[in-house]
Amino acid sequence: MTKRLTLEEQNKSNTKAMVNNPIVYLQAGVIVIFAVMPFIFPSFRLMDVMAKIMIFTIVVASFDLLLGYTGILSFAHGMFFGIGAYCVALILYHTSAPAWYHIIFAIIVSLVISIGLSLVISFFSLRVKAIFFAMLTLALAEFAHILGIQWTSLTGGEDGISFVLPSIFNFNQSLGTLFNTRINGRLIVYYLILVCTILLFAGLLRFIRSPLGRVLKSIRENEPRAVALGYKTFGYQIYSIVFSSCVASLGGILFSMWLCYVNPDSVFHTAIMVNILLMVLIGGMGTLYGSMIGSAFLIITENWLPGLLKSIASLAPENIIVRNMADRWQLYFGILFVLVVIFFPKGVIGTIRSILDRKQQMK
Amino acid sequence: MTTQTIAFNTDRKLMKTGLNRIIGIGLFLLPLIWMDLTTYLTLTIAGISLGMLIFLIASGLTLIFGLLDVLNLAHGAFFAFGAYAGYTVLNFFNSLGWIETASLSSSLFYLVAALCAAAGVGALLGIVTEKLVIKKVYGDHLMQLLVTVGVSFVIVEILKIIWGVNDEVVPVPMGFQDSFILYGVFIEYFRIITIILGVGVFAVLQFFLKKTKIGIIVRAGVENREIVKTTGYNISRIFTLIFAAGAGLAAIGGTMMAIFNQSVDPGMGDQFLIFALIVVIIGGMGSVTGSFIGAIIVGLSFNYVAFLVPKMALGVNFMIMAIILLIRPKGLFGKD
Chain A
0 MTKRLTLEEQ
10 NKSNTKAMVN
20 NPIVYLQAGV
30 IVIFAVMPFI
40 FPSFRLMDVM
50 AKIMIFTIVV
60 ASFDLLLGYT
70 GILSFAHGMF
80 FGIGAYCVAL
90 ILYHTSAPAW
100 YHIIFAIIVS
110 LVISIGLSLV
120 ISFFSLRVKA
130 IFFAMLTLAL
140 AEFAHILGIQ
150 WTSLTGGEDG
160 ISFVLPSIFN
170 FNQSLGTLFN
180 TRINGRLIVY
190 YLILVCTILL
200 FAGLLRFIRS
210 PLGRVLKSIR
220 ENEPRAVALG
230 YKTFGYQIYS
240 IVFSSCVASL
250 GGILFSMWLC
260 YVNPDSVFHT
270 AIMVNILLMV
280 LIGGMGTLYG
290 SMIGSAFLII
300 TENWLPGLLK
310 SIASLAPENI
320 IVRNMADRWQ
330 LYFGILFVLV
340 VIFFPKGVIG
350 TIRSILDRKQ
360 QMK
Chain B
0 MTTQTIAFNT
10 DRKLMKTGLN
20 RIIGIGLFLL
30 PLIWMDLTTY
40 LTLTIAGISL
50 GMLIFLIASG
60 LTLIFGLLDV
70 LNLAHGAFFA
80 FGAYAGYTVL
90 NFFNSLGWIE
100 TASLSSSLFY
110 LVAALCAAAG
120 VGALLGIVTE
130 KLVIKKVYGD
140 HLMQLLVTVG
150 VSFVIVEILK
160 IIWGVNDEVV
170 PVPMGFQDSF
180 ILYGVFIEYF
190 RIITIILGVG
200 VFAVLQFFLK
210 KTKIGIIVRA
220 GVENREIVKT
230 TGYNISRIFT
240 LIFAAGAGLA
250 AIGGTMMAIF
260 NQSVDPGMGD
270 QFLIFALIVV
280 IIGGMGSVTG
290 SFIGAIIVGL
300 SFNYVAFLVP
310 KMALGVNFMI
320 MAIILLIRPK
330 GLFGKD
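Going down the list, the sequences are from chains A and B.
Read in order, the letters of the first sequence are residues 0 to 362 in numbering that gives the first Met the number 0.
Read in order, the letters of the second sequence are residues 0 to 335 in numbering that gives the first Met the number 0.
For the record, the hints were derived by calculation from the structure and aren't laboratory data.
Note that the structure is a prediction, hence the values are computed from the model and not measured.
Certain hints may be false.
When the alpha-carbon atoms are kept at most 25 Å apart in a straight line, the in silico PhoX-like pairs for lysine-lysine are as follows [what the hints assert, rightly or not]:
#  : chain 1 : residue 1 : chain 2 : residue 2
1  : A       : K345      : B       : K130
2  : A       : K345      : A       : K216
3  : B       : K159      : B       : K212
4  : A       : K358      : A       : K345
5  : B       : K159      : A       : K345
6  : A       : K345      : B       : K135
7  : A       : K216      : A       : K231
8  : B       : K210      : B       : K135
9  : B       : K210      : B       : K228
10 : B       : K130      : A       : K309
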């Protein structure tokens, strides 16, 4: 007779599985690195890079939910990111005495706008075809960019808006020192970003592992079959679009709070969307963890590549073409993008997974 | 039969039914309520010529989509590159001092030279792109979308390396700056040239697709590549040529737009790609006739609304797109 496990024993075996799982250590390690970094190396540039990696991790992960798990290519993801960023910027800029509840208010407003807009987009375009969705969202994203530039009375046009964060988030406010590091508003915002990233990423993981997430995967693999099994695929796709655009706009709020400045080119421009796409592709579509690798790679390169190219260009200072080619470092991202799509479509995590799978099959 | 072939074979003349036609004419005349006849005619001619410019870029997009089943998001980049190529040619003539003194006929010559250069550069760019990149992703929509976004990014960056990031003023041949008066309406020569060019391209495309042998081979090739190959036609070369033709059309549109706006900037490709996408969505994907009608609708409504409610000008195209999608989710001439 097989012995039935009691609840306590089950918990024990779960704990044992966790202890043996290297992924858990990896996750904990990454979180600890991000948490202690500001105290070990208190340099602003490093903190800036780390904060941006975290923000883009969730934006890219939410995009991966659409592209990798649902098989929908949306070019409006950058737009939702921008909506979040502009909501918090506009509300804090236009109130005379910003307080903490204004941030909550901005979050609610941006979520309402994102939900409404993503519902409208899906109702218009999902009825037809995935390719249609891509076209419509691209047009809409461009429209948002133009609106951001031209609606100067609201958005401040191309100059953008800079604002001051309220109460404890205020960058100029100092709350004493700890381990030789000044605790100021910027550090608090950094930890806010860390906490939000962990929560949102866990939420996304939960989402794809739920029954709903499994239905989404089945739609990606074979939509007619999912329909034949009795799933209303339209509804499930809408869930995924709404959820991921909400996460993207929350990412936008964090981005805007970190920089205390937004302008149309920094959040609505096509280049942002291309960056997000590149991050997803480098990390691996449909892996979620890939978003971390992709955004870390891209943001670190973005910080370090221009300097490197400039030093190369200084070897031939007279040549204008060489100088221009060094200035346009985005060109190399574009080339990398095309190469990754054609030759490396699984991305880093996807490739590692397929190698591991092959090894297991060999055994 | 596949989607695209049907779309080209039988562009069902939806507008032909009486009711649709009356509604169409009614909407066309609607702006007369708010403006007098002269303004209306001026705006109509400007709108149609803007529509023809948009048709030039949209036609390449819909040609590539309809025949090769590739949604080419790098189309805006081809457009911008063509604009800069045309600008370079005109600038060269300007440096010789010929532009300011040009009569109408010599202006036309400069225009043709610029258009030829642009079309050549665009077609070359199209061939390179197709051979290097697009060839590898036929049949996979998602990959096509991703890869063409990347290509677009690369081309715009190359453009910035060659010509710089700033806006440039395009020298417009003197002959085009004249206008003549017809029933009290000022008509610029350049607008008439645009309309002639647009209608000409439309006619040539229709003739090419429906009457020539290459058109038939292409349509057959879309349906079944293998069988066309076995009959001895080099289908992959034909596909390359179609892609190059689409890119060349975008480049021609770019030069025309550069002269129309009298300026070029690196971001212009993205801007007009939206117009082209809206036109293709309105007209139905893959239908040249649909794009033609869609472009006229977009051009006219943009001009009317820009006159009546300037702030709404861009939004109105989205509204029209939304309304048409509600009534016909596949666009006016779209097939499934």
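Verification of the hints:
1. K345(A) / K130(B): Since the Cα atoms of K345(A) and K130(B) sit roughly 23 Å apart, the hinted pair holds (cutoff 25 Å).
2. K345(A) / K216(A): holds (16 Å)
3. K159(B) / K212(B): violated (40 Å)
4. K358(A) / K345(A): Holds. K358(A) to K345(A) sits at ~17 Å (cutoff 25 Å).
5. K159(B) / K345(A): Roughly 31 Å separates the two Cα atoms, so the pair is violated.
6. K345(A) / K135(B): Holds. K345(A) to K135(B) sits at ~16 Å (cutoff 25 Å).
7. K216(A) / K231(A): holds (14 Å)
8. K210(B) / K135(B): This hinted pair is violated, its Cα atoms lying about 30 Å apart.
9. K210(B) / K228(B): Given that 25 Å is the threshold and the Cα spacing comes to 21 Å, the pair holds.
10. K130(B) / K309(A): violated (32 Å)
Violated hints, listed in ascending order, are 3, 5, 8 and 10; each of the other numbered hints is respected by the structure.
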